[in-house]
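What follows is the residue order along each chain.
Protein chains: 4
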Amino acid sequence: MDAIEENSFILVYRDRRRKWIVRPSETPRLHTHLGVLDCEALVGKSFGITVKTSLNDELVILRPTIEDMILKLSRRTQVVYPKDLGMMMVKCGIHSGSRVIESGTGSGATTAMLAYLVMPEGHVYSYEVREEFQETARKNLERLGLQKFVTLRLGDAKEGFEEEEVDAGILDIGDPWEAVASFQKSLRPSGVISVITPTTNQAERLVEKMREAGFVGIETMEIMMRYLEARSGMTRPSNIMIGHTAYLTFGRKTVHEK
Amino acid sequence: MDAIEENSFILVYRDRRRKWIVRPSETPRLHTHLGVLDCEALVGKSFGITVKTSLNDELVILRPTIEDMILKLSRRTQVVYPKDLGMMMVKCGIHSGSRVIESGTGSGATTAMLAYLVMPEGHVYSYEVREEFQETARKNLERLGLQKFVTLRLGDAKEGFEEEEVDAGILDIGDPWEAVASFQKSLRPSGVISVITPTTNQAERLVEKMREAGFVGIETMEIMMRYLEARSGMTRPSNIMIGHTAYLTFGRKTVHEK
Amino acid sequence: MDAIEENSFILVYRDRRRKWIVRPSETPRLHTHLGVLDCEALVGKSFGITVKTSLNDELVILRPTIEDMILKLSRRTQVVYPKDLGMMMVKCGIHSGSRVIESGTGSGATTAMLAYLVMPEGHVYSYEVREEFQETARKNLERLGLQKFVTLRLGDAKEGFEEEEVDAGILDIGDPWEAVASFQKSLRPSGVISVITPTTNQAERLVEKMREAGFVGIETMEIMMRYLEARSGMTRPSNIMIGHTAYLTFGRKTVHEK
Amino acid sequence: MDAIEENSFILVYRDRRRKWIVRPSETPRLHTHLGVLDCEALVGKSFGITVKTSLNDELVILRPTIEDMILKLSRRTQVVYPKDLGMMMVKCGIHSGSRVIESGTGSGATTAMLAYLVMPEGHVYSYEVREEFQETARKNLERLGLQKFVTLRLGDAKEGFEEEEVDAGILDIGDPWEAVASFQKSLRPSGVISVITPTTNQAERLVEKMREAGFVGIETMEIMMRYLEARSGMTRPSNIMIGHTAYLTFGRKTVHEK
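Residue numbers (the working numbering), protein chains in the order written: chain V, 919 to 1176; chain E, 919 to 1176; chain X, 919 to 1176; chain Y, 919 to 1176.
Some clues are possibly wrong.
Copies of the same chain are indistinguishable here, so a pair counts whether it falls within one copy or spans any two.
[As the list claims (entries may be wrong)] The list that follows gives simulated cross-link-like pairs (lysine-lysine, BS3-like), each with its CA atoms no further than 30 Å apart:
1) Lys-963 to Lys-1103
2) Lys-1127 to Lys-1066
3) Lys-937 to Lys-1076
4) Lys-1066 to Lys-1076
5) Lys-1103 to Lys-970
6) Lys-1057 to Lys-1076
7) Lys-990 to Lys-963
8) Lys-990 to Lys-1057
Just so you know, the hints here were simulated from the structure itself, not pulled from any lab data.
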């Protein structure tokens, strides 16, 4: 049995839009519009059970996934969407042992996903120029127990990175073309960078700079996700859809033969 | 320096459509319509260099990513696309240490991706009913050096799995609803299954069965990917696009409180 | 000059979301959250001018297009979207002189569009089983001055139509397969039907019935529309998008040679 | 009965990809890879019949729609797609009696669609700078019997149009921003222009110019169309899809009050 502990994060789940992440130690009683849930009483029980609120409403208690966790992190900056994050991880080949540079840290949501994938042997070096963002990210990473796989650095990507021969780079800043040279220097040959840009103009300018810097395999794409409401005899795509989040650009570092 | 060895896989790259994966030990000389490439002569050099063919055409030598590798695996079965694979990995939270059941193995492409993510501490248990597919998958996994993270089992998902308390399930067979009960039994509570179905009818029938079996957080979606041709002053979406690969359905196991 | 008259419909336009359609004769003064607009004072002036409200806010006075008009009609039933309507008109080849059967009438929005296109020589025969809908449609058509190009019939499509040899059929009811035989009978050979169905199950069942009835050139499609926010140096697709409205199915009537 | 005549265009239809448009008078015998079809023998028979080729293959004889006709026109220039054309017609409110300026004429495909919709009372004024295109368009329009509803003019949109107070403008040239002032001058107040641009950069530059020229209701969009393969028990979106054709930009003319 996978038992709930005092300090476990628990996902209190009703449906896609009504869900909460809490810890029994911090939130002994969770107040929702569906009634009050006694979280303390859950300790020692199994994840996956259905419980009732004070209003007799049913909620399911789940162990949160990494996706649940990062979607709940501080929204002071925009969180990268799972549809985009998944493609970035596959394209960069990030896995246990990978060494990755990220710029910028933002609220630490992508940082957390990276740490989760590179642990226990790999490491994430995350650069951020705004101290208050870094502070938020540090708290988020500590809360998730992922801080030991991350080095948070206060610094500007365009001034270069301290690391060398890293496997991959994740770039999510407003002027990513300014950081291309720094990644070209710090990536291992064949290393992949993955860049997030909301506008076509940014993608255009970025790709031009990446070509100049000798990156190859450059490709820009957008990922669209639409729910299908699969219901017996009345299946249809959801009429709600996010039209656009960002373009993703990928490229691989090349070197001049000596 | 990241040096090319005799047995390294090398990605010989010209552009998105013209690329090859070979090993110098197996393919000392690569014959292409762009001329002959002397692969033996690359040994000891750095990845990331540009070299010339006998016809003086330029090619870049890259270390292949896991995406490059799995897209080159035997196509006797359909390979899951990166856009779909990425979302599946995020939704299931697969990372180092995860224990995953897959059904069916197919050519082993998804299996390889799973092994790559769960290594070194996790494990993939992959079920397949057709012996010849399993054989192909075994060869592919051995070639990639990933076989030690995978147990290939000859068996039918609907008859149940030997494993218990696994973290996630990946289901890619024609009648996935038949395997729902087996996953409900072998997943740990809160464990996620990720199911691939090309048709709306399959998704419909599957979702119904998952609801009956007590899965929650059930959602079906499709992921669409379109390239953006980002070029200075003439940026436009690619007019080539894959319209559909498959629907992805996710759900989480719940349990009855004892 | 295209002068505003007492009875002209005028589109009072601020932006995509803030716009009103009124007549000076009916609404001498238009009260909005942007202030009051003196519509009476507009009579005799040119369409296309910019005027000020009592709060000094600027509004543009435009002659509404047929699209503006039908999007403002009674919403007791769902209005067909312009993206879908446009494709239907092209596929059916509807133009001046066409004779078209529609089922059901609904609020008369599609009916109005059809009347607008077939006038002055063509005609629309629109069937509806619910009297209150027909009444709403009648008022809408009269208001638009299009009633003389439409015959509203109270009747069920599955019981057949009074007309023969019509050029096209527009079908927007919950069980369209029940009306296929009626259209097969009333269309001229080669005549096109255009059917709107929200779900995949409806499309599936419909297509099967159309094949059985001898229709050819059967194709089902979905039309997706996304805004591009084109702005100097910061162009990006809109993040708001309607995910799904309905599937459109088209087919052409064939006959047995006598 | 709708009888086939010597000079009728007939659509010889097998499926979405195998179809031909011919006239019995011009092509008495149609040679296809499915066998020879005796077109002369069809004269006097009804449209909508199924006939056999010399190889005993079945083909359906249909009266072509306007969509069939324009998709078969000379491909020396890119034909506007039905999905885009339909939206343009709805947004511009083009119907019988409309007076429309088009620039440029190209092969005359859009011109033909416009003529088809504005006839018999309306008119299309179509400008083109390249004489050979105009010649092709003239032949296409004559062949379709639509030439009397069109005036073909040899001239550059940026130098202005001869017409005034037209209802709508259709703009499909490489540098549409250069023609904005001409349309602002020749449209009636509230008149709509519809502009086709393949790239985001063109849309961006165009929209800026339209704003400067006083157009309102400016919106840019893209229309995506995907087939659904609706088949009993195995319905799925088509995996073939056109990723992009062009962005459509619309705007309405305003005037300064005198």
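Against the structure, the hints come out as follows:
| no. | hint | verdict |
| --- | --- | --- |
| 1 | Lys-963 to Lys-1103 | between (51 Å within a copy, 18 Å between copies) |
| 2 | Lys-1127 to Lys-1066 | neither (34 Å within a copy, 42 Å between copies) |
| 3 | Lys-937 to Lys-1076 | neither (40 Å within a copy, 32 Å between copies) |
| 4 | Lys-1066 to Lys-1076 | within (25 Å within a copy, 42 Å between copies) |
| 5 | Lys-1103 to Lys-970 | between (56 Å within a copy, 24 Å between copies) |
| 6 | Lys-1057 to Lys-1076 | within (26 Å within a copy, 45 Å between copies) |
| 7 | Lys-990 to Lys-963 | within (24 Å within a copy, 46 Å between copies) |
| 8 | Lys-990 to Lys-1057 | within (13 Å within a copy, 42 Å between copies) |
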